[in-house]
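Chemist: Each chain, letter by letter, is given below.
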Amino acid sequence: MTTIAGEPVPRHGVRIFAIWLVLTAIAVPLIVLVLGPHLPPPHMTVESVDQRNANIVMTALLVPIALLVLVYFIYSFVFFRETTDAIVDGPPIKGHAGAQLLWIVLTSTIVLALAVWGSYTLIAGAHGAGGGQGPDPAAKPTGYQHALPVQVIGQQWEWTFRYPTYGGIETRDLAIPEHTLVAFHVTSLDVTHSFWAYELGVKADAVPGVDNIAYVNPRHTGLFQIRCAELCGLWHGHMSKKGRILASSAFQAWISAAQKKNASIVKYLPKYSRVYYPAPLRRAG
Amino acid sequence: MSAATVDAVEQPDILARNIRVGSRIWAASQAFFFLAFFFAFLYLRALNTSGMWRGWPHHHPSPSIAFGVAILVCVLGSAAIARSAALVAPEMWRATEWAALALALAAVGLQCAQFSSLGFGPTDAAYASVFVGWSGLFTVFLLGMCYWLATVIGDVTRASGTPVVRAAAVEGAGFVLLVLAGVEIAAFILLYVVK
Amino acid sequence: MSATPIAAQPPVWRRLIGFNMLTGLALGIGGWFLGAWIGGQMAVGHPYLQGTDQNDVGIYMGYLFAVIGWLVGLGFANYPIGRLLGRAPSLRHHETGSWTRYFRLCTDHKVVGIQYLFGVGIFFFIGGLNAMLMRTELLRPVEQAWPASQYLTLVSLHGTMMIMMTSAFILGPFGNYFVPIMIGARRMAFPRIEALTFWLVPAAGLILLSAIAFGGIATGWTGYAPLADEGRAGMDAYVMSFILIAISLTLVGLNLMATILTMRAPGMSWTRLPIFVWSVLATSILMALAAPVLVASMTMVLMDRAANTSFFVASVGGSQYLYENLFWFFGHPEVYILALPGFGIVLEILPVFARKPLWGYRLAVAGMLGVTLLSFMVWQHHLFVSGMNAGLRPFYMLTTELISIPTGFIFLNAIGTLWRARIRFTVPMLFALAFFFNFLIGGLSGIFLSDVPSDVTTHGSYFVMAHFHYTIVGGLVFAFFGAVYYWLPKMLGFELNETLGKIHFWLFFVFFNLTFFPLFAAGFLDMPRRVSTYAPHLQTLNIFVSASAYVIGLSMLIFIANLIWSLVFVRQPAAENPWVSRGLEWQVPTPVPIENFDRIPVITSGPYEYGVPNAPPVADFAPGALPAAGR
Chain A
1 MTTIAGEPVP RHGVRIFAIW LVLTAIAVPL IVLVLGPHLP PPHMTVESVD
51 QRNANIVMTA LLVPIALLVL VYFIYSFVFF RETTDAIVDG PPIKGHAGAQ
101 LLWIVLTSTI VLALAVWGSY TLIAGAHGAG GGQGPDPAAK PTGYQHALPV
151 QVIGQQWEWT FRYPTYGGIE TRDLAIPEHT LVAFHVTSLD VTHSFWAYEL
201 GVKADAVPGV DNIAYVNPRH TGLFQIRCAE LCGLWHGHMS KKGRILASSA
251 FQAWISAAQK KNASIVKYLP KYSRVYYPAP LRRAG
Chain B
1001 MSAATVDAVE QPDILARNIR VGSRIWAASQ AFFFLAFFFA FLYLRALNTS
1051 GMWRGWPHHH PSPSIAFGVA ILVCVLGSAA IARSAALVAP EMWRATEWAA
1101 LALALAAVGL QCAQFSSLGF GPTDAAYASV FVGWSGLFTV FLLGMCYWLA
1151 TVIGDVTRAS GTPVVRAAAV EGAGFVLLVL AGVEIAAFIL LYVVK
Chain C
2001 MSATPIAAQP PVWRRLIGFN MLTGLALGIG GWFLGAWIGG QMAVGHPYLQ
2051 GTDQNDVGIY MGYLFAVIGW LVGLGFANYP IGRLLGRAPS LRHHETGSWT
2101 RYFRLCTDHK VVGIQYLFGV GIFFFIGGLN AMLMRTELLR PVEQAWPASQ
2151 YLTLVSLHGT MMIMMTSAFI LGPFGNYFVP IMIGARRMAF PRIEALTFWL
2201 VPAAGLILLS AIAFGGIATG WTGYAPLADE GRAGMDAYVM SFILIAISLT
2251 LVGLNLMATI LTMRAPGMSW TRLPIFVWSV LATSILMALA APVLVASMTM
2301 VLMDRAANTS FFVASVGGSQ YLYENLFWFF GHPEVYILAL PGFGIVLEIL
2351 PVFARKPLWG YRLAVAGMLG VTLLSFMVWQ HHLFVSGMNA GLRPFYMLTT
2401 ELISIPTGFI FLNAIGTLWR ARIRFTVPML FALAFFFNFL IGGLSGIFLS
2451 DVPSDVTTHG SYFVMAHFHY TIVGGLVFAF FGAVYYWLPK MLGFELNETL
2501 GKIHFWLFFV FFNLTFFPLF AAGFLDMPRR VSTYAPHLQT LNIFVSASAY
2551 VIGLSMLIFI ANLIWSLVFV RQPAAENPWV SRGLEWQVPT PVPIENFDRI
2601 PVITSGPYEY GVPNAPPVAD FAPGALPAAG R
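Order-wise, the sequence lines are chains A, B and C. All residue numbers for the first sequence refer to our numbering, where the first residue is 1 and numbers rise by one. All residue numbers for the second sequence refer to our numbering, where the first residue is 1001 and numbers rise by one. All residue numbers for the third sequence refer to our numbering, where the first residue is 2001 and numbers rise by one.
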């Protein structure tokens, strides 16, 4: 195999490395300090903060990789271009075992580190990261037994919510108390939807016949956006509404009022269940 | 390009090798096709959504096991004969290919007969769906095999093909049938025994 | 029938009613009515078909008979019948003849390649037009240009058509045309199957388009099942065309794999195989194994719709997870069916215009085969928040991130090849280099999606949409145009205008990035995919994206103008080897003769020996000592 070194040529490698080092030294602090706080999602819950941190770390790690490749390419366009019209062959270098080995070791290290770190934040740090974990969550936060269960029911094309610990009432608005672990039990009555509460950092598919659990730990009060993130038919884009994180007392007041309002109709609702099986729906719009 | 080279387009030895390689790939494609039904069976059975895997509480679809055994025997016999024709007795291929074709056609016929007296339909929940889908599509693939065997016989009886190509076709058809027989064994165990 | 020799010159009307596209179309339409009638008769008296307002059996039978009619009209029945009767019809008369052979069954791999180029190209432009119409709707955050149902149909048609057609975007035209030439063969392993794979494509495309007349498709290209079960008759068109295209892809894979395995010329060892052929081989493996699973899952949807089975109906024991698993078990290899040929094209183009050997040839091969293997083990990363197998998420996170290692090899190959090279910025080289820029962004954004905490935010948002457009448009489509500018002089025999080519490239490259990079931000700002209404504060962003998308459309018009200008008006004959490439495909005469080589050449050297002192010519084209036949 031909080696690269051994000819009186400019030290391209050193130059490229130097340019890359300067750019990286500028870019990474900018990403962490300037761009980072604006990366999604907003910091309303413990889970969304973890997700934002994941986004910051990955951006800070991946931008230098992108810079390395880009700096190399642009450098090569400037210095390795053919300036004449003639077709001249370059040096017949077919490979370099050391460079290949270095590349494999480097990329493997980065990738394995990412996978280990991702798994750690998923399981230990972020207790499920706000994603739907199915009926039997693999990563449970501490005190999950005492989480406030809130059932999220998707149907074409509306979200409704049931509070089994408050008499199984069903509401059209979602409110959850702050500083309380909430377990969303997401299910669907017809087709697949996906419950997406952007500011909470929650996304869980609503699948018919499945109780999909996602945990969330609200940090402070405020409004959040609810959307459907899985195409569910004609008015998919209209399955959006605002939810609220309330202070504990305000939540108690709200749920009492809702219970009162629901008192006369709650007996007509189907009994609270983790999943519902309405008759199969055929040929809707 | 002279006419002579144009005529030499399908050289027997290349064609034979192509048939050999092509039949392996085709068998693999078929295996992956039925892998989907294999997976569907095990997955739906494990999930047992709404407790409806086997059907309505008082109506569990049960296909006739006699038909099942008969179909299995026909398919296995057809594959064994077609395969052994290639391996053991290549000089007997006329008889063996006829026998393999007859058995494969018998399996198709038996499957049709079973469908006409099934006692349940595709609407009877998940097991019935997998049963109808798997057996039905298997029969379609088996019909395709029957066509292949018939072309081999067509070549044999009219002696128009070259011997090396004919041998490759016999061998390739035998191999694909063998894989189909493997699928049928899995289908029999899952659809009739495990349920 | 087909064994009868063609009469010398029959009158025109007689030639029109032979086995050709017109006959196919006529029999196809006739078949539709026959099938629909038969299906209607079949459905009578079956209780499980009652209680529904449409007879899907009739629709499917209509499509089935239409396809059969189309194929019979094209003459595909002649060979099977001939074989049953013990005849072995010759391939010969399918391959000679005038321009009309482009409009009928022709088993010459070069004709099929050009048929593919134009057939797939037409559907690519229809799919692109759909994208323009979608961007028009998204100019305002409320419904304005199209009703919601039509918008969804546009989304679904765009996605389905692009995925279906771009699956064969490179293997169809360039795989069929160049693989036999590059390995020193006269034809493909199965020329009739090759013709069949192409003629299924227009059938699938027309059936898919017929969905517009049957109530549209409301599911997007993924066709998630409970929604697909309840959709209008347009879903039947989706299912049927996807089955057809998947059969076509399976057979393309089978044919190309068999060709590469058995038809290589003597001396064409595995280490001399052009890297494009390696990428085609890797892609064929994926096609032959993954596409049948799609046929099976689509068949299950078909049965759910036509026979009321319950594969995907939860209340009757089915599960939507079954569909998601089966679909993505096909769907993720499909992503690499799209990406791998692109890798092959750019690595094929790079050494020619860098005037250097391909750096790290073995690493490139290992990368492609590694991607092939790993791509079967990552599918559940599409389902991180579905609630399925949550305990397995770290495993799929790991495999998904592992796949970036072999993909990274391709970048290292490019880096090594450009090292101290003599780069010439021709149009194909520009497209190949742009591929690396786009795929870099596409690939790195994929790392965000592979990380579960990050994916919770980005799943199902415009971030995903931007990511896969960066890999598929930025990767595959750029590689496709690189291949078009690189190989079209050989395929069609005329030079393309370089200035128009460069204008096309720069408009496409700049406005592609201006279109899709902002969409990462749209995804980060919680814009879900496939909506016609969105948050009002995203309107400025969307107007910007739409305006850029229109310029992409304009750049495509410039490409068409270039084609028409160069092929119809200027007609400057191309040199036999305009790029001074060492590739075997450039050493044959320029209208490539009907069987490519007088004698099967003996390969004497690798295709990338640029600058190697005393490198032998790539092949010996008149191996006198050897017989004309053979490998």
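Since the hints were made in silico from the structure, they are not lab data. All values reported here derive from a predicted model rather than from experimental measurement. Honestly, I wouldn't trust all of these hints.
[Claimed, not checked] Computed list of chain B residues with no C-beta within reach of chain A, every gap over 12 Å:
hint	residue
1	R1024
2	R1045
3	G1051
4	V1069
5	A1095
6	L1105
7	G1109
8	F1141
9	V1164
10	V1193
[To be verified] Okay, the calculated beta carbon distance ranges per label pair:
hint	chain 1	residue 1	chain 2	residue 2	range
11	A	P278	C	I2038	30 to 40 Å
12	A	S264	C	M2132	25 to 35 Å
13	A	V34	C	F2395	34 to 44 Å
14	A	K241	C	A2026	49 to 59 Å
[As the list claims (entries may be wrong)] Which stretches of chain B does chain C cover? Using the computed rule of at least three CB atoms under 8 Å from a CB of chain C, they are:
hint	segment
15	1030-1044
16	1124-1136
Glycine residues also receive a C-beta, built at the ideal position from the N, C-alpha and C atoms.
Chemist: State for each hint whether it applies.
Modeler: Going down the list of hints, with the structure as the test:
1. The beta carbon of R1024/B is kept farther than 12 Å from every beta carbon of chain A, the shortest such distance being approximately 33 Å.
2. A cut-off of 12 Å between C-beta atoms confirms that R1045/B is not in contact with chain A; the least separation is 15 Å.
3. Look at G1051/B: its CB is around 10 Å from the nearest CB on chain A, not clear of 12 Å, so calling it non-interface is violated.
4. Every beta carbon of chain A lies more than 12 Å from that of V1069/B, the smallest distance being close to 34 Å; the non-interface claim holds.
5. For A1095/B, the condition that its CB be more than 12 Å from all CB atoms of chain A holds, with the nearest at approximately 52 Å.
6. Chain A leaves L1105/B outside its interface by the beta-carbon criterion, the shortest separation being 37 Å against a cut-off of 12 Å.
7. Listed as a non-interface residue, G1109/B keeps its Cβ farther than 12 Å from every Cβ of chain A; the least gap is roughly 34 Å.
8. Look at F1141/B: its CB is around 29 Å from the nearest CB on chain A, clear of 12 Å, so calling it non-interface holds up.
9. Annotated as non-interface, V1164/B keeps its C-beta farther than 12 Å from every C-beta of chain A; the closest such distance is 41 Å.
10. Here V1193/B stays apart from chain A, with its beta-carbon at least about 27 Å from theirs, past the 12 Å limit.
11. Look at P278/A against I2038/C: about 35 Å separates their beta carbons, and that is inside 30 to 40 Å.
12. Between S264/A and M2132/C the beta carbons are some 53 Å apart, a value that contradicts the proposed interval 25 to 35 Å.
13. The hinted range of 34 to 44 Å is satisfied by V34/A and F2395/C, whose Cβ atoms lie roughly 36 Å apart.
14. For K241/A and A2026/C, the Cβ-Cβ distance of about 54 Å falls inside the hinted range of 49 to 59 Å, so the restraint holds.
15. Coverage of the segment 1030-1044 of chain B by chain C holds in this model, with 11 residues showing a Cβ closer than 8 Å to a Cβ of that chain against a need of three.
16. With a threshold of 8 Å between beta carbons, the proposed coverage of the segment 1124-1136 of chain B by chain C holds, since 8 of its residues qualify and at least three are required.
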